[in-house]
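Chemist: Sequences listed follow chains Y and Z, in order. First residue of the first sequence? That's 1 in this note's numbering, and the numbers climb one at a time after it. First residue of the second sequence? That's 1 in this note's numbering, and the numbers climb one at a time after it.
Hints should not be assumed to be uniformly reliable.
[To be verified] Chain Y side only, calculated, beta carbon under 7 Å to chain Z, not exhaustive:
# : residue
1 : Ala158
2 : Met433
3 : Asn578
Because the hints were derived from the structure by calculation, they are not lab data. Glycine included, C-beta positions come from ideal geometry on N, C-alpha and C.
Okay, here's what each chain looks like letter by letter:
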Amino acid sequence: MLDPVITPELIAKHGLTTEEYQRIKDILKREPNFTELGIFSVMWSEHCSYKNSRLELRKFPTTGPRVLVKAGEENAGVIDIGDGWGIAFKMESHNHPSAVEPFQGAATGVGGILRDIFTMGARPVFLMNSLRFGDIRPDKLNAATNRRLLSGVVSGIAHYGNCIGVPTVGGEIYFDASYDGNPLVNVFCLGTLKTSEIQRGAATGAGNPVFYIGARTGRDGLAGAAFASRDLTEDSKADRPAVQVGDPFIEKLLLEACLELFQHPEAIVGVQDMGAAGLTCSTCETASRGNSGIEIDLALVPQREPGMTPYETMLSESQERMLVIVKAGHEATITKIFEKWDLPCALIGRVTEDGFMRVKNHGVTVAEIPAKQLADEAPLYKREAKRPADLDARQNLDLSSLSEANPQDTLGKLLSTPDLASKRWVYRQYDHMVRVGTVTAPGSDAAVVRVPTGENSWKYLAASVDCNAHYVALEPKLGALIAVAECARNLAMTGAEPLALTDNLNFGNPHNPENFYMLQQAVDGLAEGCRAFDIPVTGGNVSLYNQSPAGPIDPTPTVGIVGIIRDAKHITPSHFQNPGDAIILVGQPGEELGGSLYLREIHGLERGKPPELDMEREKKLHEAVRAFIRLGEIRSAHDLAEGGLLVALAECSVGSARKLGATIKLDLPHSRLDALLFGESQSRAIITTRPENASALVSLLELRGVPAHRIGTVGGNELKVQVGGSSPREFTWEVALLHQAWDGALDAYLA
Amino acid sequence: MRWAVIQFPGSNCDQDVFHVLKNVLAQEVDYIWHKNSSLNGAEAIVVPGGFSYGDYLRCGAIARFSPIMSAVKEAATAGKTVLGICNGFQILCEAGLLPGVLVRNTSLHFRCETVPVRVEHPASRFTSEYLTGQVLRLPIAHGEGHYVADEATLDSLFLHKQVLFTYSDLQGRNTQGANPNGSQRHIAGITNRAGNVLGLMPHPERASEKILGSTDGLGLFTSILANVGTPVAQAA
């Protein structure tokens, strides 16, 4: 077949600018052929090169005493957890594929992040996810489509994770019209490894053989990376061939075979998974990291269908494939293992020393590109940033004309919103218990998982993913800072101290200066949050072009933090445990309604400034809660987030195994009852303790500079709240009814 | 006592059951690869959960042709203890060691949660450490756990005390609401007629350590240990 002639139209169709094309010609010192054009277009897409965001990402702190592999060095960062063990974890998006084909899009997202982790030599031990959809309530626009997307994505995640046997232990899901037509599917994976067995993705040693292992290459996922690097439009359905098809069974075999192979360090030089940009990315990146060259022959690549062109083979994103560089003379080690697992394994080339990525087809050279310049010298852009013109107006909130809703009805309404409702409908489709490590199941502030570090010895990790995108949309830097604070707060409530963070930056088209401003500010906020908690960013993902014809999504810089709990007996639940326990509100009482769920759901207002955040105060809260957890004084701890104080109390009740009620007396100064009960002021938590120690605990917290008020007692089957002050009020809810509203809501929307 | 945990391509609860046997119960355990033909002298054989062969064609339908399955069948005939959990249950049905078949949950969704399971009777090598009617809290995690057999087979299973576990509510009542997958007559676990082969959908290995929230599954393993050497019960 004759390659098409390269025309300005063809260049534009590959998403390359005139300047970028000139740069390609400068690198090659000639015109590229069609295959080479395709190779450059995927490697220089935002998805692979971060060309629009990399300058911003440099603001992140990436070092620390526990960092064994830094962000960006390899497929995922590695953090030391002690006793010779490390963890590799990362979050990645599969937003665009999930928008056009939710089941396969989400499934292959899980497959991709799993490979990123086991490529490092780690055994994946748990998964989480952060999802965003348009509203699913029947009276909302596009509700049927959004429900279809939600169902498809959840089934896709379940299919892949359940089959491969890695538990999905937690996550978050929020709904907002800005995600109509552009859902977000961010998947997180964590693996454990011996620090002495970290695998690297470098091709070194001229003459060493290059092996292709795993599934055969087909025509699926052609140029998926480039597809992910443009806006979603009405025509995106035509991009379905850019979505990959996953096979978790093959991935399971590949995982086990790879882990078996890694037990032979003498035989392995480097490993790299074939994710975005498949064979292209894995060959040029390993060569670039190894300061070497690589030569492969496509005729040797296991293929699913006949007649694939070099362009198609190089750009295919078929799943469940890896590249392994083996030490010459050890070829038999790898072929034997892959025979055992009945997986394709083919010698497709050699490491060279001339620095070129040379691709042949039946011996004829079809692409010849300097590997380093292709992999590492993509153009970098400093995009224009402009504060959105309407931001001031949206931050303006006049409460004087706002009526106060009756808390009696409001609580049930809020608990049954898709954002707050129990996500049981979702997580019971995920196997969240396989690997016998899940100590705290989904539905708590953070997941707690014991991970094996040797035979019958364990470390206890807590992990959470978070982002309140409404806050980010209203004040990006503060919103991103709150995302970090809330995620770390979730961890602190379980007794964990944070180790490191991964992020997934989901934003609109960066060529729009207002979108880029949001990205820039959010990165500043995340970086500041990481510095405050002294945790590094271990890697992550940038997903731009998240917009449909209706406009960009709310900027969503999702963060995932992993923490460690020193001792199994410190693991603390979120919900009420024992009748009679004293309930203490920890943190400064506040009345901030800006950006709150209450304003959005009850008054239809998406405005105001997000709540203030004082990082010193936040850190003191975490340290105090952890300290008293370690002393054995805290029986449950739950942070205050969306919905504020009253929702947090209700969650402690409806989430408890025995549906324990509480009697609450709030003698807190306030100007508005709705702001007291539903305001989302930061740095607060509800803890419970033995009644005899409550007053001592309150004074000890105060002594640490952490405000604390004993507000009530656990017990009964009602939640009773008395509010003191000039006009005292009293409210009573049956916990069983609140539970029904909260637990049954998603089932009802999705029935 | 020596145990064998069979590993098929796609097994994924093999390490879990191995861990419980070895580290919680201090047993001798071997992984047995499906291409092997020997069980290494094991007295009890576990066919673990997972998605053997990706559940392609039908769950358990391909695994039954693995070389090791002839050895498992021989061991079953010889009266050795055979325990199939989840996908292992499906494989034992497909292999003809247990009657009936497991089909898609009526909800059509995969379901993972801890559910109440009632012990039907303690007169078996798998339940002797439990009491009649005892309600256990055991995790389930399956998309195809809906047990189906013809009416005569179902009657016979109950008549011959082959039904060891049923889904119930916390009070031990077999209500429709407490049936997580639509299983006929709420069946969660059955033995063969001789009583030495058990298949069950719930995962006892996930409920064998306090830190994981339930130790109710441990009794199943300790029952097997307590009955080592007991001759195969002759059906009445």
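Chemist: Decide, hint by hint, whether the structure agrees.
Modeler: Verification of the hints:
Because the smallest distance between the Cβ of Ala158 (chain Y) and any Cβ of chain Z comes to about 5 Å, under 7 Å, the interface hint for this residue holds. About 5 Å separates the beta-carbon of Met433 (chain Y) from the nearest beta-carbon of chain Z, less than 7 Å, and the hint is met. About 17 Å separates the beta-carbon of Asn578 (chain Y) from the nearest beta-carbon of chain Z, more than 7 Å, and the hint is not met.
In summary, the one numbered hint that this structure violates is 3.
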